[in-house]
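When you number the sequence shown by numbering that gives the first Met the number 0, it's gap-free, plus one each residue, and the end is 131.
Heads up, a few of these hints could be off.
[Claimed, not checked] DEER-style ranges, computed between Cβ atoms:
(1) Leu67 with Phe91: 34 to 40 Å
(2) Arg48 with Asp22: 28 to 34 Å
(3) Leu9 with His89: 52 to 58 Å
(4) Gln53 with Ala113: 47 to 53 Å
Just so you know, these hints were derived from the structure itself, not from any lab.
All residues carry an ideal CB built from backbone N, CA and C; glycine is no exception.
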Amino acid sequence: MNENRPVAILPPHEALARLASEDPEALEALRRELIERQIASAPEAVQLRLRQLQFRIDGIRKTSSSPLAASQRIHALMWESFVQLKEELHRFGLLNRGSTSPPMTGRAPPKRSAAVISLTIRRSNASMGGRL
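The whole structure should be built from the sequences, with the hints applied where relevant.
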């Protein structure tokens with residue numbers, strides 16, 4: 000189970016790059032194995048959801064015209080999920096005016112005040128038509 004530490008350690012970048020150029024199938028097998036290990040290390044309650052998400056990601060990768068296009072679509076999927084989470088947090092009142100702290104209950108909101116200062120035109124700026 001998950002012990003709050005990464006389960007899989009990636010090989011060095013150079014080894015992955017060499018594998019990509021010499022044996023792309025082996026790189027893909029390694030990718031699938033590392034993903035499966037990571038999902039298996041998650042709590043059972045979330046494993047199904049992680050498998051569903053990985054299925055979606057794999058579908059995006061297969062149907063995209065290029066790795067860059069796949070990356071962009073996966074990035075959009077991530078942001079879509081983030082926005083949904085934010086909307087749910089707002090719905091349940093866990094976000095208060097951009098703050099991640101719980102909303103204050105039973106208290107008046109803090110008063111905001113500011114001192115207003117007057118601006119005067121300096122004599123050296125008067126020759127520029129009063130512009131600063």
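- [ ] Given the range 34 to 40 Å, decide if the beta-carbon distance of Leu67 to Phe91 lies inside it.
- [x] 37 Å, holds
- [ ] Starting from the range 52 to 58 Å, see whether the pair Leu9 and His89 falls in it by beta-carbon distance.
- [x] Cβ of Leu9 to Cβ of His89: about 36 Å, so the range 52 to 58 Å is violated.
- [ ] Check the following: the C-beta atoms of Arg48 and Asp22 are separated by a distance inside 28 to 34 Å.
- [x] Between Arg48 and Asp22, where Cβ atoms are some 32 Å apart, the hint holds.
- [ ] Given the range 47 to 53 Å, decide if the beta-carbon distance of Gln53 to Ala113 lies inside it.
- [x] 50 Å, holds
Taken one by one, the earlier hints fail for this structure only at number 3.
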